[in-house]
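From first to last, the protein sequence lines are chains A and B.
Throughout the first sequence, residue numbering follows our numbering, covering 1 to 386 in sequence.
Throughout the second sequence, residue numbering follows our numbering, covering 1 to 386 in sequence.
Any given hint might turn out to be false.
Repeated chains share a single entry, so a pair holds when one copy, or any two copies, can fit it.
Claimed, not checked - In silico DSBU-like cross-links for lysine-lysine, where the CA-CA straight-line distance does not exceed 30 Å:
| no. | residue 1 | residue 2 |
| --- | --- | --- |
| 1 | 51 | 303 |
| 2 | 301 | 16 |
| 3 | 16 | 371 |
| 4 | 355 | 230 |
| 5 | 82 | 42 |
| 6 | 21 | 129 |
| 7 | 76 | 51 |
| 8 | 371 | 11 |
| 9 | 16 | 383 |
| 10 | 303 | 325 |
| 11 | 371 | 21 |
| 12 | 303 | 371 |
| 13 | 325 | 76 |
| 14 | 31 | 325 |
| 15 | 371 | 329 |
| 16 | 113 | 11 |
| 17 | 303 | 167 |
| 18 | 31 | 42 |
| 19 | 11 | 357 |
| 20 | 371 | 76 |
| 21 | 167 | 383 |
| 22 | 129 | 31 |
| 23 | 113 | 129 |
| 24 | 303 | 16 |
| 25 | 366 | 76 |
Rather than coming from a laboratory, the hints here were simulated on the basis of the structure.
Each chain, letter by letter, is given below.
Number of protein chains: 2
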Amino acid sequence: MYNFEYRNPVKIIFGKGSIPKVADEIPENAKILMTYGGGSIKRTGVYDQVKNALKNFDLFEFGGIEPNPHYETCMKAVELIKNEKIDFLLAVGGGSVIDATKFIAAGALYPGKDPWDFFVQRYIIEPDKAIPFGAVLTLPATGSEMNGNAVITRISTQEKLAFGSPKVLPQFSILDPECVFTLPDRQVANGIVDAFVHVMEQYLTFPVNSPLQDRFAEGILLTLVEEGPKVIANRNDYEAAANFMWSATLALNGLIATGVPQDWGTHMIGHELTAYHGIDHARTLAIVLPGIMQIKRQSKKEKILQYGERIWGITEGTDDERIDKTIAKTVDFFESMGVPCTLPEYDVPVETIAKIKERFKERESKLGENKDIGYQEVEAILKSRL
Amino acid sequence: MYNFEYRNPVKIIFGKGSIPKVADEIPENAKILMTYGGGSIKRTGVYDQVKNALKNFDLFEFGGIEPNPHYETCMKAVELIKNEKIDFLLAVGGGSVIDATKFIAAGALYPGKDPWDFFVQRYIIEPDKAIPFGAVLTLPATGSEMNGNAVITRISTQEKLAFGSPKVLPQFSILDPECVFTLPDRQVANGIVDAFVHVMEQYLTFPVNSPLQDRFAEGILLTLVEEGPKVIANRNDYEAAANFMWSATLALNGLIATGVPQDWGTHMIGHELTAYHGIDHARTLAIVLPGIMQIKRQSKKEKILQYGERIWGITEGTDDERIDKTIAKTVDFFESMGVPCTLPEYDVPVETIAKIKERFKERESKLGENKDIGYQEVEAILKSRL
Numbered sequence: 001m002y003n004f005e006y007r008n009p010v011k012i013i014f015g016k017g018s019i020p021k022v023a024d025e026i027p028e029n030a031k032i033l034m035t036y037g038g039g040s041i042k043r044t045g046v047y048d049q050v051k052n053a054l055k056n057f058d059l060f061e062f063g064g065i066e067p068n069p070h071y072e073t074c075m076k077a078v079e080l081i082k083n084e085k086i087d088f089l090l091a092v093g094g095g096s097v098i099d100a101t102k103f104i105a106a107g108a109l110y111p112g113k114d115p116w117d118f119f120v121q122r123y124i125i126e127p128d129k130a131i132p133f134g135a136v137l138t139l140p141a142t143g144s145e146m147n148g149n150a151v152i153t154r155i156s157t158q159e160k161l162a163f164g165s166p167k168v169l170p171q172f173s174i175l176d177p178e179c180v181f182t183l184p185d186r187q188v189a190n191g192i193v194d195a196f197v198h199v200m201e202q203y204l205t206f207p208v209n210s211p212l213q214d215r216f217a218e219g220i221l222l223t224l225v226e227e228g229p230k231v232i233a234n235r236n237d238y239e240a241a242a243n244f245m246w247s248a249t250l251a252l253n254g255l256i257a258t259g260v261p262q263d264w265g266t267h268m269i270g271h272e273l274t275a276y277h278g279i280d281h282a283r284t285l286a287i288v289l290p291g292i293m294q295i296k297r298q299s300k301k302e303k304i305l306q307y308g309e310r311i312w313g314i315t316e317g318t319d320d321e322r323i324d325k326t327i328a329k330t331v332d333f334f335e336s337m338g339v340p341c342t343l344p345e346y347d348v349p350v351e352t353i354a355k356i357k358e359r360f361k362e363r364e365s366k367l368g369e370n371k372d373i374g375y376q377e378v379e380a381i382l383k384s385r386l
Numbered sequence: 001m002y003n004f005e006y007r008n009p010v011k012i013i014f015g016k017g018s019i020p021k022v023a024d025e026i027p028e029n030a031k032i033l034m035t036y037g038g039g040s041i042k043r044t045g046v047y048d049q050v051k052n053a054l055k056n057f058d059l060f061e062f063g064g065i066e067p068n069p070h071y072e073t074c075m076k077a078v079e080l081i082k083n084e085k086i087d088f089l090l091a092v093g094g095g096s097v098i099d100a101t102k103f104i105a106a107g108a109l110y111p112g113k114d115p116w117d118f119f120v121q122r123y124i125i126e127p128d129k130a131i132p133f134g135a136v137l138t139l140p141a142t143g144s145e146m147n148g149n150a151v152i153t154r155i156s157t158q159e160k161l162a163f164g165s166p167k168v169l170p171q172f173s174i175l176d177p178e179c180v181f182t183l184p185d186r187q188v189a190n191g192i193v194d195a196f197v198h199v200m201e202q203y204l205t206f207p208v209n210s211p212l213q214d215r216f217a218e219g220i221l222l223t224l225v226e227e228g229p230k231v232i233a234n235r236n237d238y239e240a241a242a243n244f245m246w247s248a249t250l251a252l253n254g255l256i257a258t259g260v261p262q263d264w265g266t267h268m269i270g271h272e273l274t275a276y277h278g279i280d281h282a283r284t285l286a287i288v289l290p291g292i293m294q295i296k297r298q299s300k301k302e303k304i305l306q307y308g309e310r311i312w313g314i315t316e317g318t319d320d321e322r323i324d325k326t327i328a329k330t331v332d333f334f335e336s337m338g339v340p341c342t343l344p345e346y347d348v349p350v351e352t353i354a355k356i357k358e359r360f361k362e363r364e365s366k367l368g369e370n371k372d373i374g375y376q377e378v379e380a381i382l383k384s385r386l
């Protein structure tokens, strides 16, 4: 196990009927900006629940945050905050709304010229303060409700980039599994795949003698494999929704990353597919992950075999046969939830591979836990998904 | 799954060579009281490491905290703090030192007459402030380094009682697995049993559809079963020590308790054995747990079968046969580490059972996740361990 530091102070308020508790978590006299997305919270009643709970607060609203939230949109919220002297933010939505709110929270207090610096100069320029915020999560998927990471897309440059800081950890997140009841199939399937791949990024690496972290990771994977299909089959199965929701949060709250290497190659390559073609984030992961398993089957061999055995019960055959079966099982699982895993199924032209390759070449970035996925490997990974 | 709230802001600094980092975690100009036990930290070099790291701080010392720390001792530290205007505490030791430090931290700022109120009026009188403190953990076992609970013994009344508050969560805890290298067998074995039973208290209850929490709990149990004997066999196996240490912390940091019932009957009965006979805390748990499994085999049936299957591979026989085998395997595991599991092995006279029964009768307290362990059941549980 590697040395590590871990701290996650986010307060989780979990369970049906929890949304009205939001009023107890926000400082009296706060001037709140409630951020949200395309308005589904109005259809589902979450908007009314929150508004009603906060009727004694000074409450502003900022709707219209997109999936894969745009820098350009966030900057409008930053302006509103400065004009209205907002001092608390409340993200009501899924990972995109929460991610956007993190960027807005830090961006509003950034003394530099443009908070896009957090992304293009990541690890060099970091926020040293942010407006405090909480979240009401409506869509289990990204884990953003219990971490300090955000991914933002800048439309003008077709860039989708990430930043992270303990300054943008939510003060609290409210998780009411009944929010799952009103989600469309596509969002549930995306959420399951997203959480699943988050675990894989922290688990499917070279081994470092971390049996506890492995078992926690496998516990989340097994729960998603078991409970995910139940949620898809019956949207009103509260227990399945609750198990899915808590799994998605724990998939990316830092816990299973303690003391182990991390990959994140699937995400970095996937972001490019979203940037160029607007493919749902989770779906890009379903495309790329099998490619990484294919191309990195040697360096990840021990863990792929362990994953195949413990999650899919694959114990027979040569190592290579077991790895092939394990990749096939992973693809089957994603496809069984209606998530295709190849590029042609998303009408991605072969030319996109060259563009993405070129981008990684320019950036000179190496991905993966061994920093051995360069632009040629990116090309090979994507070609394997044609 | 039940509704729940979860927040654990303790910063964990984990790994070999981490102890000198203590200096970065304490506010400059703090007036520190370092608390410790019987002096083993002087023998192992941890004392020197801490003193050296803090040589630029104003540092006071309070040694001599006992295993099963005494109220009477803690009150001396409270007096010292008040006299010297100490504003930061640093616990250097195992669970007893950290527990004592929690009580001292809250007791020093308690406006009432006697902070023993926290124990005798638990849930009615709770600390609303405490002196901030950190910990350097030298003995993996209790999980005190990442929770807000403490157990204190009052010698004058032979009472051993618990309190808990988010006000007494450590600011940080430093976990250097190399501290395990110098522990005697007995303390390692006790630590493994203690962590194991902490998990069982939160896991071996009636089922509430919490597959993820179950798997996390099982992950800790399996890791203790695997790594514990390695630590006992080779005290310098860093990886085994690290896996044991992280398991013991996660066994009682609130995570596996989210959304599930909890028992704690083993602890409550065990505390009485320590109070009357001074038996090591962990050893009392090894005595009582098999008794609870025996007497509560009906209400805990589903979970005992699951535990037997997933931890010990027991799948054959009738339910009762499987439960018997599972209890036997649990006892075998404790005994294999040199921890006896019956009362006579600790020279506990049969009269003690009647005394303990009487005490629970007086308190009118019912234990267990179903509150169905009254004084008669306490007697039956202890008699089953003769």
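Right, here's what the structure says about each hint:
{"no.": "1", "hint": "51 <-> 303", "in the structure": "neither (47 Å within a copy, 42 Å between copies)"}
{"no.": "2", "hint": "301 <-> 16", "in the structure": "between (42 Å within a copy, 28 Å between copies)"}
{"no.": "3", "hint": "16 <-> 371", "in the structure": "between (43 Å within a copy, 25 Å between copies)"}
{"no.": "4", "hint": "355 <-> 230", "in the structure": "neither (39 Å within a copy, 52 Å between copies)"}
{"no.": "5", "hint": "82 <-> 42", "in the structure": "within (26 Å within a copy, 56 Å between copies)"}
{"no.": "6", "hint": "21 <-> 129", "in the structure": "both (26 Å within a copy, 24 Å between copies)"}
{"no.": "7", "hint": "76 <-> 51", "in the structure": "within (22 Å within a copy, 52 Å between copies)"}
{"no.": "8", "hint": "371 <-> 11", "in the structure": "between (34 Å within a copy, 28 Å between copies)"}
{"no.": "9", "hint": "16 <-> 383", "in the structure": "neither (45 Å within a copy, 43 Å between copies)"}
{"no.": "10", "hint": "303 <-> 325", "in the structure": "within (14 Å within a copy, 33 Å between copies)"}
{"no.": "11", "hint": "371 <-> 21", "in the structure": "between (44 Å within a copy, 28 Å between copies)"}
{"no.": "12", "hint": "303 <-> 371", "in the structure": "within (17 Å within a copy, 44 Å between copies)"}
{"no.": "13", "hint": "325 <-> 76", "in the structure": "neither (48 Å within a copy, 65 Å between copies)"}
{"no.": "14", "hint": "31 <-> 325", "in the structure": "neither (55 Å within a copy, 61 Å between copies)"}
{"no.": "15", "hint": "371 <-> 329", "in the structure": "within (27 Å within a copy, 45 Å between copies)"}
{"no.": "16", "hint": "113 <-> 11", "in the structure": "neither (32 Å within a copy, 33 Å between copies)"}
{"no.": "17", "hint": "303 <-> 167", "in the structure": "neither (34 Å within a copy, 41 Å between copies)"}
{"no.": "18", "hint": "31 <-> 42", "in the structure": "within (22 Å within a copy, 53 Å between copies)"}
{"no.": "19", "hint": "11 <-> 357", "in the structure": "neither (41 Å within a copy, 40 Å between copies)"}
{"no.": "20", "hint": "371 <-> 76", "in the structure": "neither (37 Å within a copy, 55 Å between copies)"}
{"no.": "21", "hint": "167 <-> 383", "in the structure": "neither (39 Å within a copy, 55 Å between copies)"}
{"no.": "22", "hint": "129 <-> 31", "in the structure": "both (18 Å within a copy, 28 Å between copies)"}
{"no.": "23", "hint": "113 <-> 129", "in the structure": "within (15 Å within a copy, 41 Å between copies)"}
{"no.": "24", "hint": "303 <-> 16", "in the structure": "between (37 Å within a copy, 25 Å between copies)"}
{"no.": "25", "hint": "366 <-> 76", "in the structure": "neither (34 Å within a copy, 58 Å between copies)"}
Hint compliance for this structure: hints 1, 4, 9, 13, 14, 16, 17, 19, 20, 21 and 25 are broken, all remaining hints hold.
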